[in-house]
Amino acid sequence: MEQRRVVITGMGIYSCIGTSLTEVKDSLYKGTSGIQFDPERKAAGFRSALTGMVPTPDLKPFLNRRQRISIGEETEYAYMATREALENAQIEEGFFDEHEVGILYGNDSVSKAIIEATDLLREKKDTALIGSGAIFKSMNSTVTMNLSTIYRLRGVNMTISAACASGSHSIGMGYLLIKSGLQDRIICGGAQEINMYAMASFDGLGVFASRESEPEKASRPFDAGRDGLVPSGGGATLILESYESAVKRGAPIIAEVMGYGFSSNGGHISTPNKEGPATAMQRALSDANVEASAIEYINAHATSTPVGDANEAKAIHEIFGGKPPVSSTKSMTGHECWMAGASEVIYSILMMQNDFIAPNINFENPDEDSKKLNIVSSTLNKKFELFLSNSFGFGGTNSALILKKFNN
Amino acid sequence: MNKEEVIEIVNNFLVEEFEVEQEVISPKAPMKDTLGLDSLDYVDLVVIIESNFGVKLGEADFVNVESFQDFYDMIENKIKAKA
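These protein sequence lines map, in sequence, to chains A and B. Quick note: the first sequence uses my numbering, first residue 1, plus one each step. Quick note: the second sequence uses my numbering, first residue 1, plus one each step.
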């Protein structure tokens with residue numbers, strides 16, 4: 001079967017380091033942290049009250065009442081990101097009536113919506129008093145079911161739930177569907193609710209960063225003094241399109257998806273290993289048909305946990321050696337979980353478009369694994385054209401994507 | 001609660017919830033078409049009425065509701081029945 005080229009024609013971002021591509025690009029360049037201390041979490045019994053924070057968007061100018069009451073926090077962020085991505089891709093709403101467009105979006109929780117509906121049931125003891133919007137907010141596919149309705153999409157329509165690799169796999173699966181000729185255009189991305197309910201049981205595992213007195217220094221991937229991740233969230237959308245489709249409609253082509261690799265660790269539910277991620281990276285290289293030495297930047301998954309970062313550092317070193325620049329943007333954003341795989345591809349493309357590599361802030365002292373890598377601790381002005389982005393998740397799900405600056 | 005109070009409360013929440021202008025609501029106007037109600041909206045009307053008047057409506061209560069006046073009367077009757 002003929003394999004088609006897959007390009008990205010639009011991006012949109014709603015995150016704790018900015019709510020537009022321009023804001024986020026500036027934050028990445030300056031190494032600005034989006035992490036804050038949340039007193040509400042402390043009062044609720046969190047061990048670590050740190051989190052990335054995003055503003056609540058006002059959707060009244062854009063969506064009618066029925067549309068608004070069916071969407072929860074994660075979809076609000078995803079909608080804002082998708083508006084920006086479609087605008088940049090030069091796709092107006094009328095386009096969807098004439099052309100088939102699909103959606104594959106990463107999401108893996110709807111905690112707040114479920115808790116609110118359950119609280120109402122317990123209080124009222126009558127399901128009729130929960131309201132009409134709750135069910136559409138309480139399903140894991142809430143983002144895709146709502147965005148597909150809002151934009152009247154008629155292509156593939158499903159949510160990818162793969163823990164903290166959800167956003168990355170959504171791009172990978174979208175890439176495969178377009179590459180194989182089954183779809184021409186797919187809205188891909190990842191969304192992550194930011195409320196404390198989504199993260200309470202995660203905090204209970206004791207894997208969140210403890211440095212509450214210095215929020216901006218708490219997320220420190222690869223640093224010897226790291227002691228856990230900082231949860232975060234928002235929405236990130238990319239418009240994936242066949243090269244032919246993009247050219248036909250005169251769309252701006254931003255980058256090309258070159259390769260996708262996936263794997264599963266076959267091991268512990270939360271403790272990652274080295275082999276699974278290494279397999280995903282090798283497969284991405286093989287799919288992209290490039291040598292490891294051709295990769296000019298690696299956006300690491302590294303979340304700032306002791307074991308995870310160490311194993312990723314070992315896997316990167318084994319495949320790429322110590323030469324390519326590596327950074328984890330989670331040092332600034334915290335861990336955007338279900339959204340992270342999509343947002344980090346956007347962050348990396350923004351760097352590629354603007355000739356810099358964003359810093360892995362708070363990388364002050366390497367450990368025995370990270371000292372073998374070329375970790376970028378302050379902004380590096382550098383042109384590059386080919387990067388790899390890693391995302392790993394609970395259950396041992398791994399995804400690696402390789403993207404290239406678009407050249408005709 | 002007298003009839004005027006019921007009408008005022010109902011009109012206020014309809015304007016707020018369904019984002020319509022107060023002027024479109026008149027006693028004889030058809031409620032469903034005026035507010036553009038679909039089946040899901042009746043679920044929300046049940047929630048709002050319970051929260052404002054403490055009475056629970058079922059599907060059968062809406063069978064004879066066509067105009068806004070029918071709606072006011074139905075609610076008033078439910079309040080009286082509860083009292």
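One thing to keep in mind: the hints can contain errors.
Now the in silico label distances, taken between C-beta atoms and shown as ranges [to be verified]:
# : chain 1 : residue 1 : chain 2 : residue 2 : range
1 : A       : Ser270    : B       : Asp73     : 18 to 26 Å
2 : A       : Glu93     : B       : Val20     : 34 to 42 Å
3 : B       : Asp38     : A       : Phe95     : 24 to 32 Å
4 : B       : Phe13     : A       : Gly94     : 29 to 37 Å
5 : B       : Glu50     : A       : Lys42     : 46 to 54 Å
Keeping only pairs whose Cα atoms sit at most 20 Å apart, straight-line, the calculated EDC-like set for lysine to aspartate or glutamate is [stated by the list, open to error]:
#  : chain 1 : residue 1 : chain 2 : residue 2
6  : B       : Lys78     : A       : Asp126
7  : A       : Lys125    : B       : Asp44
8  : B       : Lys82     : B       : Asp41
9  : A       : Lys60     : B       : Glu16
10 : B       : Lys56     : A       : Glu40
With the Cβ distance kept under 7 Å, some of the chain A side facing chain B (calculated, not the full set) [said to hold, decoys possible]:
#  : residue
11 : Pro57
12 : Pro61
13 : Leu63
14 : Lys125
15 : Ser132
Please keep in mind that the hints were generated in silico from the structure rather than gathered at the bench. Each residue gets a CB set at the ideal place from its N, CA and C atoms; glycine is no exception.
Restraint satisfaction for Ser132 of chain A [CB to CB of chain B, less than 7 Å]
Holds, about 4 Å.
Is it true that Phe13 of chain B and Gly94 of chain A lie within 29 to 37 Å of each other by Cβ?
35 Å, holds
Range agreement (Cβ of Asp73 of chain B with Cβ of Ser270 of chain A, hint 18 to 26 Å):
60 Å, violated
20 Å Cα cutoff - pair Lys125 of chain A, Asp44 of chain B:
16 Å, holds
Interface hint status, Pro57 of chain A versus chain B (Cβ within 7 Å):
At about 18 Å, which exceeds the 7 Å cut-off, the nearest Cβ of chain B leaves the hint on Pro57 of chain A violated.
Is the gap between the beta carbons of Asp38 of chain B and Phe95 of chain A within 24 to 32 Å?
26 Å, holds
Hint check for Lys42 of chain A and Glu50 of chain B - Cβ pair distance inside 46 to 54 Å
35 Å, violated
Confirm or reject the claim that Glu93 of chain A and Val20 of chain B have a C-beta distance inside 34 to 42 Å.
24 Å, violated
Does the closest beta carbon of chain B sit nearer than 7 Å to the beta carbon of Lys125 of chain A?
Violated - the Cβ of Lys125 of chain A stays beyond 7 Å from chain B, reaching only about 11 Å at its closest.
Does Lys56 of chain B pair with Glu40 of chain A here, judged by a C-alpha cut-off of 20 Å?
Violated. Lys56 of chain B to Glu40 of chain A sits at ~35 Å, over the 20 Å cutoff.
Straight-line alpha-carbon gap Lys60 of chain A to Glu16 of chain B, limit 20 Å
13 Å, holds
If you take the shortest Cβ to Cβ gap from Pro61 of chain A to chain B, is it below 7 Å?
Violated, about 12 Å.
Hint check: violations occur at hints 1, 2, 5, 8, 10, 11, 12, 13, 14; the rest are consistent with the structure.
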